[in-house]
Amino acid sequence: MKLLSFNLRDKFGDWWDSSSLLQRTIFRVVLIGIFFALPLINNPIIDTPETSFESVLFYPLIMFAIMAVGLNVVVGKSGILDLGYVAFFAIGAYTQAMFGIYTDLSFWIVLLLGMGFAMIAGVILGIPALRLRGDYLAIITLGFGEIVRIVAVNTEAIGGASGLSDIPPPPNINFLEFSVQETRSYYWLSLVLFLVLILGIVRLGNRKPGRAWEAIREDEDVASFMGVATFKYKLWAFVIGGAIGGMAGVIYASQVLSIQPELFTLNLSIMILACVVFGGMGNIWGVIFGAVLLGYLPEKLRFLSDIRILIFGLLMVVMMNIRPNGLIPRKKREKISEKLK
Amino acid sequence: MSQVLLDIENITVKFGGVTALNNVMMQVKNNEIAALIGPNGAGKTTVFNIITGYYQPNEGNFKLDGQTLLGKKPHQIARSGLARTFQNIRLFGDMTALENVQTAADGLNKSGLVGSLFGVTRSRKDEKQSKETAHELLDFIGLDHRAGQLARNLPYGDQRRLEIARALALKPKVLLLDEPAAGFNPQEKNDLGALIRKIRDKGNSVLLIEHDMSLVMDVSDRVMVLDFGNKIADGTPKEVQNDQRVIDAYLGVVENDS
Amino acid sequence: MDFSVLTSEFVSLTFDGIVVGAIYALVALGYTLVYGVLRLINFAHSEIFMIGTMTCYGVTLLLNIAADTDPLSPQVFIIVFTLIIVTAAVASGLAAVTLEFVAYRRLRVMRASRLSSLISAIGASFFLTELFRLLTDSKNIAFPRLIDKEPVLVISSAYITLDKILVLLGASVLFIVLNRLINHTKLGLGIRAVSQDENTAVLMGVNVNRVVSMTFLVGGVLAGAGSAFYMAFYETTKANVGFLVGVSAFTAAVLGGIGNVKGALVGSFALGLIQQYSSAVLGYNWRDVVTFIILVLVLLVKPTGLLGEALQRARV
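Those protein sequences? They're chains D, G and Z, same order as listed. Under the working numbering, think of the first position of the first sequence as 22, with each following residue one higher. Under the working numbering, think of the first position of the second sequence as 942, with each following residue one higher. Under the working numbering, think of the first position of the third sequence as 98, with each following residue one higher.
Check before you lean on any hint, since a few could be wrong.
[As the list claims (entries may be wrong)] One-sided excerpt, in silico: chain G residues whose CB lies under 10 Å from chain D: (1) Gly994; (2) Asn1041; (3) Gly1048.
In case anyone wonders, no lab produced these hints; they're calculated from the structure. Keep in mind that this is a model prediction, so the values were computed, not measured. Idealized CB from N, CA, C, for every residue including glycine.
If we strip away everything but chain D, and leave its shape as in the complex, we get:
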């Protein structure tokens, strides 16, 4: 299995390096096309029992993928262990719920608001918490996640334990109708946003911020000796991760139409963490792969779904002990051909 994934990655990498811009573009277009076409495929091989494949595509697949990419910036790239990521998801969801039910603001504005609130939360949590290292930071983030949930349960103004219902769906865009039955529209909307997201994250990763984050993960003290403004970058990672989580939350709430605090548990934070860990800490493609796998398999193999968390837990222990870098590690392929022209 190990050799297989390494070989695949390297073979693909070799092909990618040697291919022309046209070939790469065609590859990308085809791949994206396949993902868009997924809800239209009606094939028993990929179908999931119990829940419709379409709905699984939306949740957990693309939702997990989006959140995993967000958490990856924090945990995978920067090495900041965040155990309370679900809090950002919750903030986004509650923003959509509150503003959707009580105001007339357009969905897109609420989307930005949700991301904004999540970012603010990231700053509020990050400024004090990021002064700490490792375990202590992890504990604080866990505490934060739990505090958000318990406050939500105990605050009647935002629905208390029974939550909020009758959350409006997004407005119809051209021919795309957003209704309870048609989850595919939500999936497509998320997919588009996801692609934009990936563009941004990959770009950041290849440039100064990406290097700064990785340096922080590798050796935070030395990074600062080498001129990296570590606190600033850690805070940015946190805030960006939060914004992405918030975005997912807004879209999610607009689809499920009613939310309760029990949806936003520590378990969910751990599941997203498992995606990041499993797929390949720091490697965005590995993380997406991890999210897809860990989202899809428990649905496909229904007997797995009940023991899903059991498997996640076991996976995390096994992964860390055997392949601490995940299935598709972020280890870069050595490019011997890099030379100054």
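Got chain D sorted already, so can you dock chains G and Z onto it with the hints?
Here is chains G and Z on its own, set in the frame of chain D:
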């Protein structure tokens, strides 16, 4: 014209009950290779830790090119012109050699996150610039052919040199080398000496901590000796070698075989 | 917010706070000992406690003591409870040693990053919680009332019942034993040496692997004993009981100064009192928020805790 670049004034550092540095004064001038020697535990690395902003001294001050650096954070000090290497190699292991150097080179430009994301002109220019600088430095140190290799896969000697290249990317006024020759054979030490001289000739001053006496005496313009947190000598290599206090504390009789 | 309850029930709240604090202390010691030796937060320690509670229940099943039977006579109670506490202590102790071996040992030997160890710990915690959730079918487990809970003594507002006395006495005995262990035995010396400086301890001939295993064992045994007292006092458990008790115990350890044994005790009693007082004033359902807030505050304001050791900084 000789001018003082790094000015360390009366630094005292206490850790709990232990006085690591006691009223230490030293200077590094421009175009100079200075060495800091002394027995283990004398406080040499502590000096580096203080002037790079990792610890705050209990008393004292230090300036670089007239600018007071006391109280500044490590990354600010790095950008002001003091860059260091480490006793135990501390590279960014899972990043390539190029990326290691580029990260430091990045420290000198002001591009921020938003700029990088939206690909503004300055950001793209800075990106190109830091990459070129990194390649040049790798070339200077003789490692450009390994630019794409992961730092942790490099052989030991190359790793030590990569650390130096990385520190140089910050265009330091004074380069701080912490035991750069550890684990080297005589040939490698000679090469290192030549490299240090090349660095000085390019315009950076060097302050090095080293235990290998022949390298120190061979390459340094000036030698300073620490013993139990006190500076006990400061002069040319010859002067220091013959200083009785230094011989008693540290050197014994030095075999000069160059 | 009702402050009048605080004044009228002060003695009762204080007494209960100390009892609860004693139980927390037995669990907190496990966190602090492991942290001292490994600089690792054993996330799954809460599940070691939970396993202890389940073992207590298991013993009552084996002895055919159903949840609704009458309390036992004192003599029978002593025998039964001794059996329960010893079994639970052994079970938790063994579980802890196994946990270390399976989830942490390899990472320590490979000198893996702290992140890896933490993630492995979290995975183990989740695995164990889920395992027992499935085994118990997510139900609450009711524990029989083994001892009559009529108050033996009433001081002001405090109802002093036999189970509370049991907890206080039992915990005190264990603290004394632990103190002997840490300060007057070779193992204790080893634990203190490895906590101070692992490399030097190795050079001095300390078998670090053994010390680590034994530390987990001691922590597990204490947690197991604590679980028996917990069951006598609260008479219920469930698969995720580890989480809330663990958070409280962990907060207590941090509050007192993680890695510091005395600190674990001080922090536990302090937290027990704070929880009782705040529950009285704010209402019971805010208790956990208060605990989390204390945890976050301590970590932000004084991460070394009340009695704490200095936070290690990596030497450059």
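Right, here's what the structure says about each hint:
no.	hint	verdict
1	Gly994	8 Å, holds
2	Asn1041	8 Å, holds
3	Gly1048	2 Å, holds
In terms of the numbered hints stated before, the structure departs from none.
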